[in-house]
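Student: Two chains, two frames, a set of hints: combine them into the complex.
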Amino acid sequence: MSTAAIEQLVNQPYKHGFVTDIESDTAAKGLSEDTIRFISAKKNEPDWLLEFRLKAYRHWLTMTPPAWPNVNYPEIDFQNISYYSAPKSKKKLASMDEVDPELLKTFEKLGVPMNERAALAGVAVDVIFDSVSVATTYKQKLADVGIIFGSISEAVRDHPDLVRKYMGSVVPVGDNFYAALNSAVFTDGSFCYIPKGVKCPMELSTYFRINTQDSGQFERTLIVAEDGASVSYLEGCTAPKFDTNQLHAAVVELVAMDNADIKYSTVQNWYAGDEKGVGGIYNFVTKRGLCKGVNSRISWTQVETGSAITWKYPSCVLRGDNSVGEFYSVALTNHYQQADTGTKMIHIGKNTRSTIISKGISAGHSNNSYRGLVRIAPTAAGARNYSQCDSMLIGAKCGANTFPYIDVRNPSGKVEHEATTSKIGEDQLFYFQQRGIGAEEAVSMIINGFCKEVFQQLPMEFAVEATKLLGLKLEGSVG
Amino acid sequence: MNVVSKHPFVDALVAGGRALPASTASWLNLRRSLALERANALSVPTTRDEEWRFTDLATLNKLRVEPVGQAAALVDVAPYAVSEAATRLAFVDGVYAPALSSRSPLPAGVTVGTLAENLNIQSALMGVHLAAHADFNEQVFTALNTAWLRDGVFIHIAQNTALSEPLHLLFIATLKDAASCPRCLIVAEAGAECTVIEDYVAATTEAYFTNAVTEIAIKPNARVRHVRLQRESMQAVHIASCAVSLAKDASYVSQSIAFGARLSRYNLDVIHKGEGAEAVIDGLALISGQQLADTHTTMDHAQPNGRCTQLHKTIVGGAAHAVFNGKVLVRKDAQLTNSAQQSRNLLLSSTARVDTKPQLEIFADDVKCAHGATVGQLDAEQLFYLKSRGLPDTQARNLLTYAFGAEIVDRIPVKSLVAQLEKTVMAQTQASV
Numbered sequence: 072m073s074t075a076a077i078e079q080l081v082n083q084p085y086k087h088g089f090v091t092d093i094e095s096d097t098a099a100k101g102l103s104e105d106t107i108r109f110i111s112a113k114k115n116e117p118d119w120l121l122e123f124r125l126k127a128y129r130h131w132l133t134m135t136p137p138a139w140p141n142v143n144y145p146e147i148d149f150q151n152i153s154y155y156s157a158p159k160s161k162k163k164l165a166s167m168d169e170v171d172p173e174l175l176k177t178f179e180k181l182g183v184p185m186n187e188r189a190a191l192a193g194v195a196v197d198v199i200f201d202s203v204s205v206a207t208t209y210k211q212k213l214a215d216v217g218i219i220f221g222s223i224s225e226a227v228r229d230h231p232d233l234v235r236k237y238m239g240s241v242v243p244v245g246d247n248f249y250a251a252l253n254s255a256v257f258t259d260g261s262f263c264y265i266p267k268g269v270k271c272p273m274e275l276s277t278y279f280r281i282n283t284q285d286s287g288q289f290e291r292t293l294i295v296a297e298d299g300a301s302v303s304y305l306e307g308c309t310a311p312k313f314d315t316n317q318l319h320a321a322v323v324e325l326v327a328m329d330n331a332d333i334k335y336s337t338v339q340n341w342y343a344g345d346e347k348g349v350g351g352i353y354n355f356v357t358k359r360g361l362c363k364g365v366n367s368r369i370s371w372t373q374v375e376t377g378s379a380i381t382w383k384y385p386s387c388v389l390r391g392d393n394s395v396g397e398f399y400s401v402a403l404t405n406h407y408q409q410a411d412t413g414t415k416m417i418h419i420g421k422n423t424r425s426t427i428i429s430k431g432i433s434a435g436h437s438n439n440s441y442r443g444l445v446r447i448a449p450t451a452a453g454a455r456n457y458s459q460c461d462s463m464l465i466g467a468k469c470g471a472n473t474f475p476y477i478d479v480r481n482p483s484g485k486v487e488h489e490a491t492t493s494k495i496g497e498d499q500l501f502y503f504q505q506r507g508i509g510a511e512e513a514v515s516m517i518i519n520g521f522c523k524e525v526f527q528q529l530p531m532e533f534a535v536e537a538t539k540l541l542g543l544k545l546e547g548s549v550g
Numbered sequence: 009m010n011v012v013s014k015h016p017f018v019d020a021l022v023a024g025g026r027a028l029p030a031s032t033a034s035w036l037n038l039r040r041s042l043a044l045e046r047a048n049a050l051s052v053p054t055t056r057d058e059e060w061r062f063t064d065l066a067t068l069n070k071l072r073v074e075p076v077g078q079a080a081a082l083v084d085v086a087p088y089a090v091s092e093a094a095t096r097l098a099f100v101d102g103v104y105a106p107a108l109s110s111r112s113p114l115p116a117g118v119t120v121g122t123l124a125e126n127l128n129i130q131s132a133l134m135g136v137h138l139a140a141h142a143d144f145n146e147q148v149f150t151a152l153n154t155a156w157l158r159d160g161v162f163i164h165i166a167q168n169t170a171l172s173e174p175l176h177l178l179f180i181a182t183l184k185d186a187a188s189c190p191r192c193l194i195v196a197e198a199g200a201e202c203t204v205i206e207d208y209v210a211a212t213t214e215a216y217f218t219n220a221v222t223e224i225a226i227k228p229n230a231r232v233r234h235v236r237l238q239r240e241s242m243q244a245v246h247i248a249s250c251a252v253s254l255a256k257d258a259s260y261v262s263q264s265i266a267f268g269a270r271l272s273r274y275n276l277d278v279i280h281k282g283e284g285a286e287a288v289i290d291g292l293a294l295i296s297g298q299q300l301a302d303t304h305t306t307m308d309h310a311q312p313n314g315r316c317t318q319l320h321k322t323i324v325g326g327a328a329h330a331v332f333n334g335k336v337l338v339r340k341d342a343q344l345t346n347s348a349q350q351s352r353n354l355l356l357s358s359t360a361r362v363d364t365k366p367q368l369e370i371f372a373d374d375v376k377c378a379h380g381a382t383v384g385q386l387d388a389e390q391l392f393y394l395k396s397r398g399l400p401d402t403q404a405r406n407l408l409t410y411a412f413g414a415e416i417v418d419r420i421p422v423k424s425l426v427a428q429l430e431k432t433v434m435a436q437t438q439a440s441v
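Which chain is which? The protein sequence lines are C and S, in order.
Using the numbering used here, you'd call the opening residue of the first sequence number 72 and step up by one each time.
Using the numbering used here, you'd call the opening residue of the second sequence number 9 and step up by one each time.
Excised from the complex, chain S in its bound form (with noise of 0.2 Å):
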């Protein structure tokens, strides 16, 4: 304990966990100081780690980060507003903003608001849920973050209640050297049904640090449809992990686009922990300049029966750097266990680089799995196609990496945002070129 850190977010964090009021729940209390020990211990991953292989976190460590208390001036928050969504919570800097969240009223046996105002009336459902998902034994980033609990949101959907309004959890960041730990937990009861949009956004150009960790556990027959949007400004260090559990017969659905971040970093960790369950995880990364975009996915089939379909693109332009990881894991008694996974690569510069590892480990015999990975420039058959159509070069070009792309936006549940990341993707698209 209290090792010389040569890393100053650790230090940050670490002392502004320390500097927390004690909770009225020990459970929460208790959980805190177990995840400000493994802090403490843990050492920041280097490029010498297998897992953080390609991902140097010097951005981060150059950076001179401190947690925000307050929360800060007013936003305008209506460029990021989602229509069919009227309930929005939202936080600024990590801290909760009720003048910028949206509060509808939602039927029976809904419950969408923070942690804190929840924390007394749910503490038991919150004690079994959370910081249990997501480990923060041995990942340092969600120690730090549970070391920092203090808030965040908490959804809870009641058995056989059905949400048909998606919920936007909305993420601002407006100071600069900023470190924020956002947290969401959401747990959808048996036969229950919701729609989560988690948006991170900046309404600053600088750099910042965002620390999230979201938890989700879904039980029998419940499905839950995750759309989680990474804009951060170009500056920012973004490092999140998601850890969903699925029951019997669960479903989990997930779109996770990012756009934004110097650094960016997402660990998804989904685990079937009864049969039958069905998870789909798309991803879509569209980066350039010096952006490093690394996500490391996790399916973990521990029952059988167990389905999973996953899609990951990435579009590189500049001299970005786009990073996948995707772990297939199926267990001994993971039988008739079927899954699909597929890496789609796009380099559009010859200073662009793609490190792309999809990964299988398998101790099952009666199972269909297979994965795919691909890395390459614009197909040049397409490109003459539309050039004989009679399209100039750099529309042809646009045209095929906006379609590239729009594959995963438009499987995203929610019809405004879709249109809405279309134009951020043919923009995108635009100026990378």
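Chain C on its own, in the form it takes in the complex (with noise of 0.2 Å):
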């Protein structure tokens, strides 16, 4: 088979787009001291969170946008943002019959049937639809273990002192470009709790979708495991069609303590632009979880398979001894695509270990990064880092990249990078198709072949998701 067919199997429009029709209560567009004022005000917030969001914006206003990632993109206009969007219908629903059947229709389209999806699953899906959360399940049997999961808002409500203290505590309102700008303006987002030695008994999923053209998304996730504690999160984001660029900053805070383990999954399928690289989603995330205590272990895999520019990172501040912090990573881009993705991995305790598994798949005209890096601390005597960057580009004209940053400090450390490159071979989709097996068959095995590493470390409902996204990238040539 030629390079040229493989191209086109790899050239298939984005299914998802469509634009649910709600009417949204948006405020007008612009940034100032009196927006973040109108949006801390609408949600009825405290005192010290406004005061959080002005300092974040007054830190902000200070800062320039970062130059170093490599991609390219024009300027962005932060005045011509909308930095509030609520549906509104905004009356607490006890049950999913009250839910807008326009909304469910939406999630019928996305292939995710929440009800029956709860319900076979066993999964509690907290629903975020643009900023403000509207449905959520299995909260009564999440609370009888005492596990705290809800929207952001609720939590800054009903437990303020608890978002209080964790709140800006792994992710400084300072931190980069745009995390100030989400700790200014976020909307909403997800908090969770898991109490002192409490396992979650089911795997805690909350689907992001971005539906108000051109308001921009600035949701923000807080998850934090006591002693003992358990959890693993889902993530998974698909979004309508537009031909205006959508801006996205989260920030995802992650606190693990004394024996705790979180791991944090993402499946992102964002618009991603057309095929002449027109629009798509600007996702620009900071993501950072901090191993507190001692054997805690937190672990970050994601499948990035949408948004026209992706820019993100997400880390581990490995402080407790024997923290492990992990990472395993697929990231797809196909037409004009860019994403600089990739992880930190930063050695403080003793006994410290980390694990990066990086792979990049590039197709068409995309660019495709991996940034990473593992830094041993003088203190971190015996830590040690495995890390491996795979890359497969399809086509000539696509780019793929590496920048590795090590930094070692403590001799005692061992940290390996690894890093190939490789095409899918005419002789492997000979053998293939020599065996009686079709050509984008062959495509679809070899690749999943090699993201495999990655997928086998999702839970099972969202392996089959991960597939079939990646299905949908390389439409017809997964079986």
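Read the hints as simulated data drawn from the structure, not as lab findings.
No experiment lies behind these values; they were computed from the predicted model shown.
Below, a list of computed lysine to aspartate or glutamate pairs in the DMTMM-like style, where the Cα atoms sit at most 25 Å apart: (1) C:Lys485 to S:Asp387; (2) C:Lys485 to S:Glu415; (3) C:Lys415 to S:Asp64; (4) C:Lys468 to S:Asp341; (5) S:Lys340 to C:Glu346; (6) C:Lys415 to C:Asp246; (7) C:Lys270 to C:Asp232; (8) S:Lys335 to C:Glu489; (9) C:Lys415 to S:Asp57; (10) C:Lys421 to S:Glu389; (11) S:Lys376 to C:Glu487; (12) S:Lys227 to S:Asp143; (13) C:Lys421 to S:Asp387; (14) C:Lys113 to C:Asp229; (15) S:Lys335 to S:Asp143; (16) S:Lys335 to S:Asp64; (17) S:Lys256 to S:Glu201; (18) S:Lys376 to C:Asp498; (19) C:Lys494 to S:Glu283; (20) C:Lys485 to C:Glu524; (21) S:Lys423 to S:Glu201; (22) C:Lys485 to S:Glu389.
Tutor: This is the structure:
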């Protein structure tokens, strides 16, 4: 099979492009202290949170957008974005029946029948539609074991002390340009608190969507696992098709105390723009986990297939002795997509360990970069890291880059990094075809094999969806 | 222009460059004045610049250096002599020293001499290559060197001429606070072959500044072996760049060894301008105390079928800091490129530090590229094995450290130099434990 045929396989149109027609309560475009006060007042927030936002905003004003990522895009006009958008029907809903049927239809089109999925798989889905949480299920079951799981807005109202204690503790307000922006204007997000010794009885899952045209979405997620607690959290994303670029700048903070275990999985399939590179989401996300306690563990798994631009480095700060950080990633770019993604593993505690497995697939005119940092601080005696970054190129017009920073300041640290680049060989395809397997299926099998190490880390329910999302990108080739 | 600089070394060199008498070659005068303009316009990099992120030039900024006009006192060059190399060009503080050089007769078609003495004879050839490979538009140090371009080494090997004996280029530093700008141009015509040893040594223990630039043009099917030794004083600042351009099926094999300098930076930029070119770029930095050794290499695969293998090693003791940035760029048309890079780093003390970044940028799909990096201490099992054979701990450690460094030294194609360097590695290994 020729390279052209392979290219044809991966150039399939986006299937999730549709707009749900729901009236939104949207703030006027522009960003100022007044906008922030408006958001804060709209959400009936306490003073400390308004102060938190204003502090972030004032810091943001002094910052400039990062220029170092290997991505190109026109300058963003931050005054041309609406910073608040909520579906009009804001009445609290007790059951699924009360959810706006338009909304439910949207989810059906996405192939996520929420109630069915919840019932069959035992997954609690905290659905976030635009910026306000409108439906939460399985809340009671979680409350029985003492787990707090809901929107950040609810948490601010019901558990202000917890939110105040941890919000901004992992990603400070002035951490970077987009994190500062998020801290100033975030509208909603998820909050999860697992008390001491509790193992979360089910996978926690949230769907993020961007719906109102031109409204940037600024999500804020905070997950805290107390001593001995464990939780697995899933985040999946799809978005309707729009021609103007939409900015998404989320912040995710994870805190793991002694012996706690947090697993965070993401499948991202936002609109990536059309085959000419018009439109698509700008996904500038700050995700960071803090292994605060001894023997704690934070594991990031991501499958990134969407967005026009992805700028995302889920990181682990390994402060507790013997703590473990993991990063498993598949990033697929096609057409004119650009991805600059990777991780940071900051080893501070003794005998901390980290693993990085990154698989990048580039097709079309896209550009896919892995950017990672492994730092072994002088205090991190016996630290250990293993990194592997593999790239696959489909076609001769795409690019694959690797920028691994390794910074070691302790001689007992041991760091290994490996990277390879390859393509789908014609001899490989020939072998499959000669065994009676069609070219499309062969490409699919080769790519799935390439990503296997990462897919294995996903929870079962999600692994199915991940393969499906990859299949959308490589339409027809996934068997 | 004429911005008040906060960097005394820039001022000193720019003033020196201005004061240079005009050359007889107008193209050289033009390039010098362009470089002078760039040197004035460019700012000195800080740790905020990605390319200088780990290398703080504060040490250099503190120096009050001056360029040297006359060759200084006689130096005993015997300790540095390489027995296989009958031809030696010696420069003292950047100035050609005929008394310390040895100019044995060379085969027909081989020119080895200074830029100054060959300028009128080979003006056209030099015009094509000199200051044409090493970019002075963006690099302030290359601009300073080019602005100061007065003399240097000129090597030209004619078509299909193979020179078996190595050529020794010896740069000796003798004066405190001297600033020197060594310059080399090596042109190997089609099918030519040569081995060049570029050697920086110190006859002083004081601080001074070396700012070297080397350009190597390798024509189709030609081979150049390049050994680079940096043995500056422990107070010195050594900043150097080397630009290598390879034509079709040409080959460049280099070992660059860094032992000295308080702060050293070596930029090696290799570009495959023709199909099927091959490069082997190996490096070793053996440092301790407060030393900082920074190596930045760029392997630019601009044409198809190119090959490159690279092994860079560092041995870091005391509170020293080793930096490696190895960029492999595979351009759109460079199909069937095969490039492999390894960065191996050994930390000997708890205050030593390594920053390594093996970087791949690939824009062609049918290529084989791999890189790897490791940082660690000596392997506990290997140590145990040696100790179980009766070796004391220190000796076992020295032996393993020595073996780690010797892998690069042993690749040098000049036997006496290998023996000499192995002794240095052994001595430094023992000193740093």
